[in-house]
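**Q** Chain residues, written in single-letter form:
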Amino acid sequence: MPSLHYEYQVSGDDFTRAGEASSDIKNKLKQMGVSPSAVRKAAIAIYEGEINMVIHAGGGAISVEILPDQIAMELIDHGPGIADIGLAMQEGYSTAPDAVRSLGFGAGMGLPNMKKYSDEMTITSRVGEGTTVSMVVRFE
Amino acid sequence: MNLEDICKLLQATLLTKNNNLKKVVHSAFSSDMMSDVLAYAKDDSILITGLCNPQVMRTAEMMDLAGVIFIRGKKPDTTMLHLAEDIGLCVMVTELPMFNTCGKLFCAGLNGGVSLDA
Numbered sequence: 048m049p050s051l052h053y054e055y056q057v058s059g060d061d062f063t064r065a066g067e068a069s070s071d072i073k074n075k076l077k078q079m080g081v082s083p084s085a086v087r088k089a090a091i092a093i094y095e096g097e098i099n100m101v102i103h104a105g106g107g108a109i110s111v112e113i114l115p116d117q118i119a120m121e122l123i124d125h126g127p128g129i130a131d132i133g134l135a136m137q138e139g140y141s142t143a144p145d146a147v148r149s150l151g152f153g154a155g156m157g158l159p160n161m162k163k164y165s166d167e168m169t170i171t172s173r174v175g176e177g178t179t180v181s182m183v184v185r186f187e
Numbered sequence: 027m028n029l030e031d032i033c034k035l036l037q038a039t040l041l042t043k044n045n046n047l048k049k050v051v052h053s054a055f056s057s058d059m060m061s062d063v064l065a066y067a068k069d070d071s072i073l074i075t076g077l078c079n080p081q082v083m084r085t086a087e088m089m090d091l092a093g094v095i096f097i098r099g100k101k102p103d104t105t106m107l108h109l110a111e112d113i114g115l116c117v118m119v120t121e122l123p124m125f126n127t128c129g130k131l132f133c134a135g136l137n138g139g140v141s142l143d144a
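Sequence order for the protein chains is A and B.
Just so we're aligned, residue 48 is where the first sequence starts under the working numbering, counting upward by one.
Just so we're aligned, residue 27 is where the second sequence starts under the working numbering, counting upward by one.
Calculated directly from the structure, the hints in this document are not laboratory data.
Be aware that one or more of the hints could be misleading.
To be verified - Across the chosen pairs, the derived CB separations fall in these ranges:
#1 Gln37(B) with His125(A): 48 to 54 Å
#2 Leu40(B) with Glu187(A): 34 to 40 Å
#3 Ser181(A) with Gln37(B): 47 to 53 Å
#4 Asp71(A) with Glu121(B): 20 to 26 Å
#5 Thr179(A) with Thr39(B): 43 to 49 Å
#6 Glu187(A) with Thr105(B): 45 to 51 Å
Each residue gets a CB set at the ideal place from its N, CA and C atoms; glycine is no exception.
All chains should be built: construct the whole structure from the sequences, respecting the hints.
**A** Put into structure tokens, the structure is as follows:
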């Protein structure tokens with residue numbers, strides 16, 4: 048299987064459409080015959096990232112590269128950035144407003160979950176400039 | 027316990043078409059926080075929730091859940107139901123409140139679907 052590359056633009060002003068990119072990525076992995084557990088891990092990790100983009104950053108771009116043995120996902124936004132990544136990685140820490148919680152998110156589980164379900168994750172962020180999250184999920 | 031048993035037990039109304047009602051469900055997870063569902067729910071379990079927005083269907087899709095039960099008569103709109111049908115998700119609504127819904131399912135043998143592993 049050759050390397051496959053996909054790009055998605057995530058709108059920041061339509062919460063109802065959040066998850067469309069993740070759904071498409073999940074379906075592509077399923078069609079390629081990737082194991083269900085690896086598909087599930089990648090889907091959850093990218094969906095959490097996509098939701099974060101919509102909630103915190105006004106949208107962004109997702110870039111995905113699928114190789115025979117892994118999927119590499121990069122999420123780039125130009126939102127407010129993360130001042131303290133260590134703090135943001137703690138379960139339960141959230142800067143989401145109450146309006147976001149009433150939608151079922153903002154419990155401070157997004158980034159910890161992305162780390163839990165991916166095999167590698169790195170975050171680079173500058174306050175006022177944006178955040179880039181890179182994740183890899185390996186296929187068993 | 028399969029989806030049909032659950033629907034009867036909760037006197038629920040089935041909202042999606044083409045469901046596989048014989049699909050067996052071993053566990054359930056109840057929450058209005060999708061963040062918690064994404065962190066802890068097991069695959070092939072059923073979600074019980076009072077939250078009613080499209081991200082409930084998306085969360086169930088990503089988690090490979092067998093179905094969603096909306097409590098207290100909360101009815102998803104047609105856009106949400108079309109999404110559920112596209113995903114292949116069984117959706118039902120019961121008039122029961124959260125506690126009674128969980129209690130009935132627990133007494134009938136369903137256990138909490140909490141996974142602490144990835």
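**Q** Could you run down the list of hints and mark each one as holding or not?
**A** Taking the hints in turn, this is what the structure says about them:
{"no.": "1", "hint": "Gln37(B) with His125(A): 48 to 54 Å", "result": "holds, 50 Å"}
{"no.": "2", "hint": "Leu40(B) with Glu187(A): 34 to 40 Å", "result": "holds, 36 Å"}
{"no.": "3", "hint": "Ser181(A) with Gln37(B): 47 to 53 Å", "result": "holds, 48 Å"}
{"no.": "4", "hint": "Asp71(A) with Glu121(B): 20 to 26 Å", "result": "violated, 36 Å"}
{"no.": "5", "hint": "Thr179(A) with Thr39(B): 43 to 49 Å", "result": "holds, 45 Å"}
{"no.": "6", "hint": "Glu187(A) with Thr105(B): 45 to 51 Å", "result": "violated, 36 Å"}
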